[in-house]
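As a plain string of letters, each chain reads:
Number of protein chains: 2
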Amino acid sequence: MSAQKIPYKIYLDEKELPTAWYNLRADMKSKPAPLLNPATHAPMSAEELAPVFCEELIRQELDDTTPYFEIPEEIRSFYKMYRPSPLVRAYCLEEKLGTPAEIYYKFEGNNTSGSHKLNSAIAQAYYAKKQGLTGVTTETGAGQWGTALSMACSYFGLDCKVFMVKCSYEQKPFRREVMRTYGASVTPSPSTETEVGKKILAEHPGTSGSLGCAISEAVEKAVTNPGYRYVLGSVLNQVLLHQSVIGLETKAALDKYGVKADLIIGCAGGGSNLGGLISPFMGEKLRGEADYRFIAVEPASCPSFTRGVYAYDYCDTGMVCPLAKMYTLGSDFIPSANHAGGLRYHGMSSTLSKLYDDGLMEAVSVRQTEVFEAAEYFARVEGILPAPESAHAIRVAIDEALRCKETGEKKTIVFGLTGTGYFDMVAYEKFHNGEMSDYIPTDEELAHYAARLPKID
Amino acid sequence: MSAQKIPYKIYLDEKELPTAWYNLRADMKSKPAPLLNPATHAPMSAEELAPVFCEELIRQELDDTTPYFEIPEEIRSFYKMYRPSPLVRAYCLEEKLGTPAEIYYKFEGNNTSGSHKLNSAIAQAYYAKKQGLTGVTTETGAGQWGTALSMACSYFGLDCKVFMVKCSYEQKPFRREVMRTYGASVTPSPSTETEVGKKILAEHPGTSGSLGCAISEAVEKAVTNPGYRYVLGSVLNQVLLHQSVIGLETKAALDKYGVKADLIIGCAGGGSNLGGLISPFMGEKLRGEADYRFIAVEPASCPSFTRGVYAYDYCDTGMVCPLAKMYTLGSDFIPSANHAGGLRYHGMSSTLSKLYDDGLMEAVSVRQTEVFEAAEYFARVEGILPAPESAHAIRVAIDEALRCKETGEKKTIVFGLTGTGYFDMVAYEKFHNGEMSDYIPTDEELAHYAARLPKID
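Sequence order for the protein chains is A and B. Taken in order, the first sequence gives residues 24 to 480; the numbers are from my numbering. Taken in order, the second sequence gives residues 24 to 480; the numbers are from my numbering.
None of the hints are false.
One copy or two, either will do: identical chains are not told apart, so a pair holds if it fits within one copy or between any two.
List of simulated lysine-lysine pairs, DSS-like, C-alpha gap at most 25 Å: (1) K103 - K32; (2) K308 - K283; (3) K153 - K119; (4) K152 - K119; (5) K103 - K433; (6) K308 - K433; (7) K153 - K103; (8) K433 - K283; (9) K32 - K279; (10) K434 - K103; (11) K28 - K279; (12) K119 - K103; (13) K28 - K38; (14) K38 - K279; (15) K279 - K103.
Please keep in mind that the hints were generated in silico from the structure rather than gathered at the bench.
Same shape as in the complex, but just chain A:
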């Protein structure tokens, strides 16, 4: 197959699309640590999680042995509206960089939510509907997850309440309007609609909010409203499971043309995109069938992997959620106002944290202005205006391709282009005007928050 010219964009046929999600944990000999009850420090049972999460999603969350979960027909039908997403061969970028590397990106931005988030949103809405619920609550940072969930809820006729991190709400007024188009209600967080919101506002007046804080509010709203459950767009195992569709399609497209990736790169906030993208490749690595390098890219302003601690921590600021073992900066860490709203979470997927701790993947952090330099360069060369989150992966993909140029190595680089930046023009404007901050937390700051982590044996 290698003689075959690889098209600019590889679209799988409908019959080549994945029919089951892949559960990476099934192939991990050393499993991620379980969620703990914050009061007893014992592993959370399905019964304990039931007031917060949907039943089927709890089953998926706790199952670390079943390798494949069939994708229900209704979800596969919705997927067909916007999937397969293209795997793009970045011919133009390669040529412009003058690199011998071959670069591919899996572009998840060609849907109205503007990102990969829809892959899990539609799954979670489906199971909520199947359980007979009235609606769901959630938080959103950059707004992609909230939009995705609004779309999914609209499709299944569910009510959708979104708590949006206040700084994103203010930076992206039009995101709210998109969610409203899909019938969702959107509240800037912290708000006075919840007890935990009021408490946070009292303690930190004028705070610009955080994902951890918005999670607390959304959870409270779910457990205090009959017929509602809380859903989350990242971090959780179930989300990585749904997002495995990204990696499965990517692998099928590469296999179709006989291409073997060397290096797989993704931005990492809570880990939903990165976890989904690498899943089947990491599975091969865990089973000893193939080797790959994996690189998680995070903002230097919110460096969970590269400067965080691997420990049990609260998933939310209000400490109402279970404890998860993960790379974390501390649940009350609030990053400086960077413009990658999707990468502002204090923690990280416990599955990815375990893999990173076991030395199976790498992580790097990058500064905001160098990310936007890469974003603008990419927009001009490849014709797609990337989301700031996605541009973190672009930055490192370009750096790696330039390294290949120096060494003459013909590596195959695959990265996840998670979304588009149409709602991030305030950030681009700041970049154009030279007003963008590159603030990085000091060691003292990080130590302050690390010292406040819960003490778990």
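With chain A fixed as given, assemble chain B onto it according to the hints.
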């Protein structure tokens, strides 16, 4: 082939993509009227057009006999970055409407310009570069054309000066920032940068601008700056030629699955999308090989086809451009502040005008709020947030599908979904808040402007 299940989205393979544009005029026995010199009223020669337009584009503009123009390799290479666009079978919409009709839409919004405009922008930038020019000037209404041209100029290293209709500039501040990302300069029109702009501002202080006015400014800027030419994103024959790629792909995709369209619907501002979409189908109709119904959809606030006059008129407010015979409301008609910036032009493609006058196509006008109702309905059902312009076609496609439901007819409806509405959230917000105007010009108003048309024999 008819037994074959038609996929949700038909993507042509690279080898199935068009290699030549189709020039509809070659098959018209009765040709569109020529452009006239505004001073002498004689047909414009290539020499007379040369100070304004690029040479090769003039050749394309004036040639009404050559049926096919090969697409240069450099343009085909750029097309591969975002084409083929999908032809989508609207299974979800059909089901929701309960119609026996089969509905397809050609979705041109999956690129950073957000619309089909990139198809002609890259062609025009290519010919400008080939001619050795420094840069180009243009106008933009909704902003899609300006964005598309910025992208194309960035790709070929050309300078790009955009005059943006003031009301759009104010409604869509982020559009400017996207163009800036691609290195373009953007000026709200009317401006004090040109003599014609100053004159219009003096006569109509506080005007929100119009496409006709922005065209005048862009033309003046081009002819007074050595190394610059003016380019236009609609109306002209050359643009319809480039946009024929939409129709050629649509037809190839339908043919691949043995589907015969009955009814083809497109929104019409200057006619670039509609003309491109219908070209190969209209060609078959003109040659007597097949029959189709074609429907142009325009806003009731700017009804060139349905309430305009078929006459020679100026293409711009400043009357610096050649005269074109077309359906027009008068070159100084300025529509009320509707939210489909791409459909605010006073005139119409002379090719489409001729076809309409010859009874080969139909036209309907629709009110703004019913357009947004259709837009929101479509967004929820098909998962794509449409541009207000595109939603005009959606409105009529839905109406026709509902008519099929009444009659039980199983028609095949194809419409052009020209773009996405991510930069139109101000308009959606007005719609959600019930603040959207449905103003329609009175007969007296239209008669006033019609009386001011130039007198040409």
